[in-house]
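A.B. asks: So you can see what is in the structure, the chains are spelled out below.
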Amino acid sequence: MKANPVAVNGAIPNGTTARSPAKPKKWVPILLIAIALTFLALVLYIPAINVFYQAFHKGFGPLLHNLSNPTFLHAVRMTVLLAAIAVPINTIFGLCTAWALANKQFRGRTLLLSLIDLPFAISPVVAGLMLVLLYGRQGWFGGWLLDHGIRVVFAFPAMLLATAFVSMPFVAREVIPVLEEEGTDQEEAAHTLGANHWQTFWRVTVPNIRWGLLYGILLTNARAMGEFGAVSVVSGNVAGKTQSLPLYVEEAYKGYETEAAYSAAVLLALLAIVTLIVKEILERKTGGSMRKGH
Amino acid sequence: MLGYLFVMLVLPIAAMLSKASTIGVADFWRIATSPLALSTYDVTFTTSLIAALVDGVFGFLVAWVLVRYDFPFKRLIDASIDLPFALPTAVAGLTLATVYSESGWVGSLLAPLGIKIAFTRLGVGVAMMFISLPFVVRTVQPVLMQMERETEEAAWSLGASPWETFWHVLLPPLTPAILTGVALGFSRAVGEFGSTVIISSNTPFKDLIAPILIFQRLEQYDYAGATVIAVVLVFISLLMLLVINFIQAWGRRYEG
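Chains W and Y are the protein sequences, given in the same order.
1 is the number of the first residue of the first sequence in the working numbering; add one for each residue after it.
1001 is the number of the first residue of the second sequence in the working numbering; add one for each residue after it.
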């Protein structure tokens, strides 16, 4: 059906009658934009600005003071270390998974795909509980670990497992759609021309998926550095020992050290902003094809 | 890859289910339906649902405004929608608790009206709205972008009012996307812990949510009590996944 040209450009000649196309009023968009922005301001922007205001309204003093606090520094190191191990592991896992599942049809594929998404569906606290039930004192491996003097729960290994758990699906989720869109033609061509699997992977597949892969790594890192629930269950949250930066934020706040809490929070907020900027750059590179929810 | 998946996912889930199976049906039922547990389900699910529905309305509005209108800083605002994905939840909880406390920027405006947000159920709802918002916007936005404006224009030109066009032409094909966004936001809100534990006063029967109850039981080494609540939560999450798949399958009838 062809649209009425009058309605298309929205101009109604003077003296049109009741049957004429009803044109939305001019103030409607302005009102809608105003409502949307007010909502965003209340839910997103005012809280986001508040992080920076609270951290810097007395100048850089409190932040610099905190930077010399050993507990705080330890929490920063812990968070960086957790991400430095969990992100590469999940990147490799995500790549393997995407490679194994994209462009293939086999029994159990749908099951595997939903299994990989499970960490998104499971509450982080429940994830932490599962790890405690597995590696804790009374857990499946608890006795064996105790006999061998290995501490997992309330120590770094469980924090790492929790971090890896919650940040597991991102790479596979971003890479699978890219691989499916690309198809297998180029790889098959490379094989026909005599390239082995390894050469095909590095010279054909990786360049094709690089932006999706980077985006997945970015999201993995943001989640790994920011995770609170799962890590807080398994870490025991001992300041200076098993405390990551998000845990430090919560403990400082509950201990009425609001300034210390915001000094740590502002670092994490900067991480979030860098994440969003890199994400925007990656989206522009791929023409916005990655814009979707998680 | 399968090994990693097995160690990281299958084993932990198996450990939880095996723990649950040692509890016994009668005890399981007793713990799962204790008054405290029931009150945490009420706070968790009702608040999550309301938060997700509010996000459904405003998230749709935000997506609409971003797709259809032009205004200053639009790109920046579009990019900022993903902030809740990127901002650690502890930071979100911290700043929301400050802004919505009685002395905070927004809370102080509402306090004279007798409305308290931080450290009440309302605060938990605000935190849930924060973390669920991008799910709605990012689910509705692509569908809205693909919609052809010709159908609306045809409806107008046939004499439909803007309201009629909205209700009968625009909304039906968007409904599956909005519902999917709401369902995704809901399931995210149900499991949320980091931001809610900070903004809630964690008072039983008032604003204590199920994930925090699990956490508290673990702190008291009550593994059975924690596991039962966890199984209930996981069960609801899986149910939500099914619902989401169902809505998406239903939405496909608008494609092609």
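Hints were generated in silico from the structure; no laboratory data involved.
Check each hint, because a few of them may be wrong.
As the list claims (entries may be wrong) - Derived Cβ-Cβ restraints for the label pairs, each shown as a range:
(1) W:65 to Y:1024: 32 to 42 Å
(2) Y:1235 to W:201: 33 to 43 Å
(3) W:199 to Y:1024: 52 to 62 Å
(4) W:103 to Y:1166: 17 to 27 Å
(5) Y:1070 to W:206: 30 to 40 Å
(6) Y:1224 to W:192: 54 to 64 Å
(7) Y:1024 to W:181: 45 to 55 Å
(8) W:185 to Y:1029: 31 to 41 Å
We put the beta carbon where it would ideally sit given N, CA and C, even for glycine.
A.B. asks: Hint by hint, say whether it matches the structure.
C.D. replies: Verification of the hints:
Against the hinted window of 32 to 42 Å, the Cβ-Cβ separation of residue 65 (chain W) and residue 1024 (chain Y) comes to about 54 Å, which falls outside the hint. Our hint of 33 to 43 Å for residue 1235 (chain Y) and residue 201 (chain W) holds, since their Cβ atoms are close to 40 Å apart. Between residue 199 (chain W) and residue 1024 (chain Y) the C-beta distance comes to about 58 Å, which sits within the given range of 52 to 62 Å. A beta carbon spacing of about 41 Å between residue 103 (chain W) and residue 1166 (chain Y) contradicts the range 17 to 27 Å that was offered as a hint.
Roughly 38 Å separates the CB atoms of residue 1070 (chain Y) and residue 206 (chain W), a value that falls within the hinted 30 to 40 Å. Between residue 1224 (chain Y) and residue 192 (chain W) the beta carbons are some 60 Å apart, a value that agrees with the proposed interval 54 to 64 Å. For the hinted restraint 45 to 55 Å between residue 1024 (chain Y) and residue 181 (chain W), the CB-CB distance of approximately 50 Å keeps it satisfied. For the hinted restraint 31 to 41 Å between residue 185 (chain W) and residue 1029 (chain Y), the CB-CB distance of approximately 56 Å leaves it violated.
Violated hints, listed in ascending order, are 1, 4 and 8; each of the other numbered hints is respected by the structure.
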